[in-house]
Amino acid sequence: MFLINCPYCGERDQQEFKAGGEAHIERPKQPTELSDDEWAEYLFMRKNIKGVQFERWNHAHGCRKWFNMVRDTSNDEIKAIYKMGEKPPSQ
Amino acid sequence: MTKNLRVKTSEYIDETNRISFKFNGKTYHGYKGDTLASALLANDVHLVGRSFKYHRPRGIMTSGSEEPNAIVQINPGTNRTEPNVRATEVEIYEGLEASSQNCWPSVEFDIGGINNFLSPFFPAGFYYKTFMWPASFWEKYEFFIRHSAGLGKSPTSSDPDVYDHRNVHCDVLVVGAGIAGILAAKNAAKNNFKTLLVDEKNELGGSTIYENNEFNKIDNKKPSEWLKKEIEDLKDIENLEIKTRTSVAAYHQYNYLLARENLTDHLETKDKTNKIRQRLLKIRAKKVILATGALERPLIFNNNDRPGIILSSAVKKYSEFYGVACGSKNVFFTNNDSAYESALSLYNKGINVEAIIDIREQSESKIVKKVEEVGIKIYWSYSIVDTAGYKRLNSVSIMKLSNDGTSVTGSKISISCDCLGVAGGWTPAVHLYTQSGSKLVFDEEKNVFLPNQNTSNQISVGSCGGDFKIDEIIKNLNQKLKDNLNIKETDFDNIKVEIDQENSKRNIWLLPSNKPLGKTKPFVDYQNDATAKDIKLALREGFRSIEHVKRYTTTGMGTDQGKLGNMHALGIIADTAGVKMGELGTTTFRPPYTPLTFGTIVGRNVGKFFDIFRRTPMNDWHVENKAKFENVGQWKRAWYYPINGETMHQAVQRESKAARESAGILDASTLGKIDIQGSDASEFLNRIYTNAWSKLAIGKCRYGLMLNEDGMVYDDGVTTRLGENHYIMSTTTGGAANVLGKLEDYLQTEWPELDVYLTSVTDHYATASLCGPNSKNILKKIIPDLDLSDENFPHMSFKEANIGNIKCRIMRISFTGEHSYEINVQASYGKDLWEKCIEAGKEFNITPYGTETMHLLRAEKGFIIVGQDTDGTMTPIDLQMDWIVSKKKYDFIGKRSLYRSDTMKEDRKQLVGLLTDDPEIVLEEGAQIVSKLNQSPVEMLGHVTSSYFSPNLNKSIALAVVRGGKDMMGKKLFIPMEDKNINVTVANPVFYDEKNERLNA
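For the record, the sequence lines run as chains A and B.
For the first sequence, our numbering gives the first residue as 542, with consecutive numbering after it.
For the second sequence, our numbering gives the first residue as 170, with consecutive numbering after it.
Rather than coming from a laboratory, the hints here were simulated on the basis of the structure.
As the structure is a prediction and not an experimental result, all values here were calculated from the model.
A couple of the hints might just be wrong.
Unchecked claim - If you want the footprint, here are the derived chain A segments under chain B, 3+ residues with CB under 8 Å:
#, region
1, 542-551
2, 573-579
3, 593-601
4, 605-611
5, 615-627
Even for Gly, the Cβ is constructed at its ideal location relative to N, Cα and C.
Construct the complete structure from the given sequences, taking the supplied hints into account.
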């Protein structure tokens, strides 16, 4: 059970949060211009890394804000947390 | 006649407080402070159970939570009965009853004991190998297997006890109150850390509290005396909370631990009531200090499981702590010095010790010399090759060990005895450490797996960290505490420790016998009856992974999780396969460390608190009017309102006719309601719905369909424009929370530039949906001054009005195809509104209807229910709802996916209507649809999604999804059922009032 430092509320138990998959996948601005393959890349393709992964999380049972997390999936160490729109920390 | 084996008085046993209890129906006596195990041993009862597979007689093996054999049923036949309880953990109280498990008719004479003699026919994997053929027989086999197996019986009535959960936050959690845990907790608390110390036992002090070896001294005192003073000092320390009878069950990431605090199990039954029995502590600790100690290992030799064979450390604890001798003719079998302490403990109390059998060549330590001096016979470099005595050990046979330890030589010596103390060395209790996700490393010299690292948040101290001797424990603890807690000095910096050095060790995982392995029974896992032979068989049959061997042989899979035998299993595998222990690794230690009751896990969430539910403001009216309810998400919704003993079918038919013929009323309060405000609200709706919203006039309503980005229908509902920048959206009942979450996601992450604010107002409004040709007349009676003409208040529009002083929002929208109004009021007025409608509707025979009738009425109109007629694979095109997908909008969620090659395929499953050739037959929802009969295999074209008997059409109707169904209008299809084939015809899904004339009726 993680202890997650919500950038708006501070440290809270994992059960207040919802994981939202891989971070930094921007919705294409002009989807109609994309080929089926390009759209499929956006729609379906996600990384599943053993190691450092960038993720979206939502403080669903708290402030309801989305934010980003850098997590090492091999040992669940949370390396960084930053707000939506902020640049990811360099590794 | 029972013997009394109570020896010299122990300070932990209150001999003035005599307690009677029953075991297997017979009354025995013990004293306050006894466990069930110590009290039985004092009465010379060793035989307490039968083993799981061979039904071999088994006795008490240990003195703690690692006990594999002495598992009993507590208070059988009562509503507080509990199976699989370790007799070594049960504190006796007046009136306690316990019985043996896994035996019939009794532990003394057990029919299943025949399995022992048939054991050559029960090799590892017996069940997997034997009950495979013929496959169809499995059900018959299963019946017998389930009846012959079983460890104890579950209670059959409700648990009378109360359980509780508590969140605990602390700076330092210390697990285990042995010498290391006590010193750690004391020094943490003294340095201003808020500290919690927990121990599974009822007394603090671990094994040091009865450590009376005369050659070990702390500050010139016996370790037990020194530690008692330390424990005494704990009382005066602030910041320190101590919880005994508290067992840590699980250690999760980020120092989140679950512990069970046992509050009433040791009390007499009359004192248990109205108290919390067990409390689950959910602990989040900044730092965790594991001081969980070590478990003594047995030795693996032929017939090492007989009643009377006990761990040497347990013999010592029973003698020193409980004042009980485990036998009157004692023998010890050891590979280290610790058995000599146990032997001396008995000797000093005047109990006969016949011999010590030591697999080592010699030992020079003081305690060994002392044992030699007092005249106890020591057999150096000998091993036990067999034991005798069916229900109680009566002798052991020993032979000289070869130099390499793989065979025995010379002649056999038999030694008569009734108790054998076994000492095979120590295994650090690293279970919690590994649960936390940390890795172990194998120490070749000590032959143990040890914690690999101490992090800033967690350290392992004492013997669970690999320090077995008091001097090592204290020295290393001191340094670890200073480093980890960042403190300069401890209160035991300068204490003086003298110990008796051990300098000789010999470890043999599987001891040889004069018989071949196939003819012996060296048990590795006592509870599951797995022997060394089984493990070797698994290796011969090709199993290599330790996890596979575990599952095939069931080694370590009992309720004790193989706390005693796991290391030997690993050792035997490593020796046999010729690999190093460190490379082999260990099996995963899973929580809980000791079993938990279901009560502890669920806490207060039982009965009506098991799952939360939501009720509408009109709920009381539904209850008073005998509604049947159904669960929709968390909501309790009125399902139908039977009168005069109607069946559900009869009630629904009546309600459905009434709603179309005159007037019906539905509680629609559960629909999700999201208030949307902001200057970009219209643009936002344009992006999330498939249709266009910019031109919706203020005061108008529009139906919207929401897709996922993959183009599949996600939710639907009517949204109303209340003002220039203000909308109210309705969602499906079950989808409300997810829709809000999804919309928030897009707003926060993709379109933060939009000025839009979302608020859930589902609970703020109560909604009555008034429908039918007389709905207008009823509303007129309630709100006389509102102009209800089609010009002023047309279909798909909205008005604000007052019912008396109550403000309400009225939408003229319809889910039934009838003229209808959805009236929303502040939730607290919901029941009042409902009753007003009922009262006003009396003259029109207003009929309350539930969700079932609502479903029927909308099906007559071919309106979909998201989640019933759709399943996450349906696009709006599949639903034949092309009309709602804007061709003009540049983009909306899911738009691009509607043009993927897959979503554009002609032969996707599409929503159609189905009519049965026989109008009386109502199809089963979920029934499969085919186009050919008498062919196998046959392609499944689709399935029925909604099906009803329509009273308004007087025939059966159904909605279905059918591959390529759009182009099948009028085509005959078949629905094969178990007993018949049903002929159906594909039809338009709008069965009733295709031209929507009734909306304005």
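Verification of the supplied hints:
| no. | hint | result |
| --- | --- | --- |
| 1 | 542-551 | holds (count 3) |
| 2 | 573-579 | holds (count 3) |
| 3 | 593-601 | holds (count 3) |
| 4 | 605-611 | holds (count 3) |
| 5 | 615-627 | holds (count 4) |
Checked against the numbered hints given earlier, the structure satisfies every one of them.
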